[in-house]
Amino acid sequence: MSRSARRPWEAIGRYRRYWLSAFIILPACSAGLVLDQVLADRLPLWLEIATLSIFSLLFAWISAGFWTALVGFVLLMGGRTDTAPGSPELRLAEPRPQSRVAILMPIYNEEVERVAAGLQATYKSLQRAGALTHFEFFLLSDTRNPEIWLREELVWSALCESLDAFGKIHYRRRPINNKAKSGNVADFCRRWGAGYEYMVVLDADSVMNGETLYRMLEMMEGNPQVGIIQTQPVAVNRETLYARLQQFAQHLYGPIFSAGLRFWQLGDGHYIGHNAILRTAPFTEFCALPVLPGRPPLGGPLLSHDFVEAALMAKSGWEVWFVPSLTGSYEEVPPTLIDDLKRDRRWAQGNLQHLQLLAGEGLRSAHRFLFINGAMSFLAAPLWGLFLILGALGSLHWVNAASDDAVTSFHWGSSIDPMPFWLFGVTALLLLSPKFMAVIWVATQPGRKKLFGGIPRLLLSMFFESIFSVLMAPIRMAFHSQFVIQTLLGRGVRWGAQVRSDAETAWGDALRYFGWCSALGLILAGLLYPFLGFWHFVWLLPILGGLTAAVPLAAWTSRPGLGRWARRHRLFVIPEEVQVPEELQALDTDSVAYLPHIEGDAFVQVVVDPRFNAIHTALQRNRTGLWPRAAKLCHKALEEGPQYLSNRERNILLSDRNSMLSLHRAVWSMDDRARLTHWGLESDDQALVDAPLRTDSL
Amino acid sequence: MFKDETSYSIHPTGEWRTGWTGEAMVVANNAPVLARVERYLARLSLTDAQRLWVRGQIISQLHGIGMEGGDLYARAFASLHMALATLTDGDELDARLDLSLRLSVGESHDGKSSRWLQQQMAPAIQRRSMASRPMNRSWLAAAGRLLQALFSRRPITARSRALPGEA
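Protein sequences appear in the order of chains H and E.
Residue 424 in the numbering used here sits at position 397 of the first sequence, and the numbers go up by one each step.
Residue 140 in the numbering used here sits at position 117 of the second sequence, and the numbers go up by one each step.
In short, the hints are calculated from the structure, not lab data.
Note that the structure is a prediction, hence the values are computed from the model and not measured.
Hints may be right or wrong, so weigh each one.
[Said to hold, decoys possible] To list a few chain H residues with every Cβ distance to chain E over 10 Å, as calculated: (1) Val65; (2) Leu66; (3) Ile399; (4) Trp562.
[Unchecked claim] EDC-like mimics (lysine to aspartate or glutamate), calculated; alpha carbons at most 20 Å apart, straight line: (5) E:Lys135 with H:Asp191; (6) H:Lys206 with H:Glu312; (7) H:Lys462 with H:Glu492; (8) E:Lys135 with H:Glu492; (9) H:Lys342 with H:Glu312; (10) H:Lys195 with H:Glu174.
[Unchecked claim] Pairwise CB distance ranges, derived in the manner of DEER restraints: (11) H:Arg322 with E:Leu163: 55 to 63 Å; (12) E:Leu163 with H:Ile399: 16 to 24 Å; (13) H:His624 with E:Gln149: 56 to 64 Å; (14) H:Leu653 with E:Ala145: 47 to 55 Å; (15) E:Ala147 with H:Ala701: 46 to 54 Å; (16) E:Leu163 with H:Lys477: 31 to 39 Å.
Backbone N, C-alpha and C fix where the C-beta goes; we use that ideal spot for every residue, glycine too.
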């Protein structure tokens with residue numbers, strides 16, 4: 028059997044990608060040539076070449092997005108999703124009884140109640156779908172904070188108890204968390220991967236519909252050549268204005284981009300690290316991540332693992348499909364601009380690392396393109412910045428070279444802009460037309476416009492979202508440029524927990540993070556205006572305006588109150604807010620209100636409380652190698668009090684069964700009132716002394 | 024105190040007292056001890072019968088013991104834990120665990136609830152290796168491969184996976 032007969036989509040995909048390449052390269056070259064006609068003989072050669080090169084590259088970059096959106100728009104308007112031969116949607120098979128799926132939820136210092144709520148919602152949804160027999164859950168903790176670790180354990184046991192899910196929901200905490208999330212998943216594969224044919228990887232804030240999970244399993248069962256099926260998670264549940272803008276944009280514009288992306292990718296799709304199902308055996312065999320030569324940030328362990336895992340899976344002959352038609356896959360977006368940029372900082376470093384894999388032997392060209400695309404997401408920022416600087420230099424050169432006195436005066440008609448209007452128009456078309464395509468698609472779908480608050484509100488929301496996007500773009504550009512420069516200068520980023528609650532940005536924080544942007548905007552405006560004159564300055568107004576407004580933008584958009592106000596006025600409404608899916612309703616904080624809460628110091632509670640101590644101690648093993656040190660730490664805790672133990676020392680005691688038992692017994696057997704207060708028992712004892720019991724009364 | 028590689032224990036007063044042998048001492052008033060025991064028992068979901076029985080066991084153990092201070096507390100809680108262990112016919116930890124998870128004390132999982140809980144937390148491990156494979160990332164080699172593909176007119180293809188049933 029020939030390869031093409033086995034993988035019929037390959038020839039189709041290659042043909043489509045040739046067209047995409049032509050659509051990207053030819054217009055970019057044409058636009059560059061036209062601009063050259065304008066710039067030729069008016070700028071010095073070095074400036075002309077540099078400007079044209081960067082312009083063509085950026086034009087190609089934005090046109091790739093445009094063509095993807097256009098193809099997606101055409102597909103969606105035709106009322107069909109792309110199902111090329113070999114698509115996994117075409118061949119579903121009922122899961123075999125022995126098919127087992129592990130749902131992995133790697134967590135790291137997360138808000139435990141939110142994780143529990145998400146897991147519970149997914150669990151119950153699977154239960155309703157009648158598919159629970161095939162699925163088991165693994166909470167894979169990399170948490171280092173002992174307080175959170177103890178909460179995780181307690182919540183795990185309470186969840187299992189309440190859902191009657193002992194043996195269905197597992198919990199594992201890695202004592203050493205090397206290679207972050209990818210290392211956590213790899214640790215699962217090494218320990219338990221052999222027992223599960225498939226694994227679904229979730230994020231700590233992911234929620235998935237049970238029927239969707241079952242459909243993914245059916246696709247995997249029906250397509251033994253598929254290694255990964257990726258869903259398109261949609262952003263939900265946030266209340267800050269910033270997050271609601273992101274949610275709205277993702278819901279409105281996301282479908283056409285997703286459909287277009289699927290059209291180009293076919294079986295060479297991408298994997299975003301969560302809300303996807305993976306075939307465990309090939310993942311374990313082929314997808315262990317290489318460690319790059321050199322030191323971090325560009326060398327060392329890969330920070331951004333997902334794209335590389337997809338590339339390694341495809342390199343080994345397995346197909347990776349992106350299936351945007353799978354609904355019921357949810358995630359949450361960062362609540363504020365600061366949190367979004369912190370995430371971007373990690374992504375920037377990770378995506379730049381991918382460039383070191385570009386020449387990797389055996390990688391498929393589609394994945395090499397994804398590596399370039401990912402890196403360009405961040406490299407585009409300094410390129411835009413450079414282009415603007417070159418543009419400003421060009422304008423300066425132009426006006427200085429002019430013989431008349433039009434440097435500062437503005438006369439409609441007499442002062443001619445150096446940038447041809449039509450080129451500006453084409454660029455604006457490429458950037459903005461996907462927004463209108465998305466609105467047209469929504470407007471033509473029966474019932475869908477109501478899910479966005481109706482056509483007038485949808486248009487108004489799109490207008491405001493576009494304004495915010497334009498204002499945010501230069502801030503992102505400034506920060507992304509900073510991230511790229513920092514990475515290239517060798518300044519790495521540390522793995523940190525993500526913010527997953529609607530915490531607003533204080534003015535002080537906004538000033539600390541974005542003050543330099545606002546200052547830069549004001550200084551540039553002050554410097555450039557006298558040189559450029561009004562007309563040339565107007566062109567820079569969106570950029571300088573966005574930079575200058577960085578502090579208030581960051582502060583105001585982080586306000587949950589403003590987000591709620593917008594929702595009340597049906598602005599930035601998303602379908603999940605109009606028709607709330609059952610699994611999202613289950614995320615309500617009341618749904619996990621029954622979970623036990625730890626008041627005060629969790630370490631003290633786990634030592635003192637006989638029930639909590641029993642649960643935690645039963646889950647530990649005797650670590651005899653630690654005993655000499657643990658014994659000293661126990662004495663330290665008893666003599667000086669638990670507050671004098673560092674987190675590291677607490678972790679040592681907490682991870683040893685004998686230490687926890689000994690401490691528990693020792694604390695309850697203390698008679699020193701001063702020491703008892705450290706363990707919260709003094710009040711108990713005092714009360715008892717005040718009202719002493721007699722042995723003969725028992 | 025750490026004694027050897029097989030076990031260690033600690034004394035509630037912090038330092039190991041020289042000559043602490045549990046010799047008879049006068050107990051002036053052991054009511055606070057019993058009151059603390061009572062508070063401990065209140066944190067466990069014992070039935071009335073179990074509570075009464077455990078109390079009785081502790082009192083009988085303390086009866087006639089001439090201790091005071093930390094030694095008396097230690098003795099009382101040792102008795103308490105012994106009584107709890109007797110409830111499960113095994114380990115006091117299992118008894119506390121049964122009570123915490125609202126299981127029938129001593130009757131669930133052959134009285135080995137802590138082992139059972141560990142099994143629920145993590146299924147049996149089936150080890151499998153997962154190591155990254157070597158990958159030639161040289162740009163020179165990549166250029167060579169590209170030239171070879173261009174001139175030999177053979178497309179660069181990824182190794183195709185053998186499907187089940189194929190040779």
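Results for each hint:
no.: 1; hint: Val65; verdict: holds (36 Å)
no.: 2; hint: Leu66; verdict: holds (33 Å)
no.: 3; hint: Ile399; verdict: holds (14 Å)
no.: 4; hint: Trp562; verdict: holds (46 Å)
no.: 5; hint: E:Lys135 with H:Asp191; verdict: holds (19 Å)
no.: 6; hint: H:Lys206 with H:Glu312; verdict: holds (17 Å)
no.: 7; hint: H:Lys462 with H:Glu492; verdict: holds (10 Å)
no.: 8; hint: E:Lys135 with H:Glu492; verdict: violated (60 Å)
no.: 9; hint: H:Lys342 with H:Glu312; verdict: holds (12 Å)
no.: 10; hint: H:Lys195 with H:Glu174; verdict: violated (25 Å)
no.: 11; hint: H:Arg322 with E:Leu163: 55 to 63 Å; verdict: violated (23 Å)
no.: 12; hint: E:Leu163 with H:Ile399: 16 to 24 Å; verdict: holds (19 Å)
no.: 13; hint: H:His624 with E:Gln149: 56 to 64 Å; verdict: violated (36 Å)
no.: 14; hint: H:Leu653 with E:Ala145: 47 to 55 Å; verdict: violated (20 Å)
no.: 15; hint: E:Ala147 with H:Ala701: 46 to 54 Å; verdict: holds (47 Å)
no.: 16; hint: E:Leu163 with H:Lys477: 31 to 39 Å; verdict: violated (59 Å)
Checked against the numbered hints above, the structure breaks hints 8, 10, 11, 13, 14, 16 and satisfies the rest.
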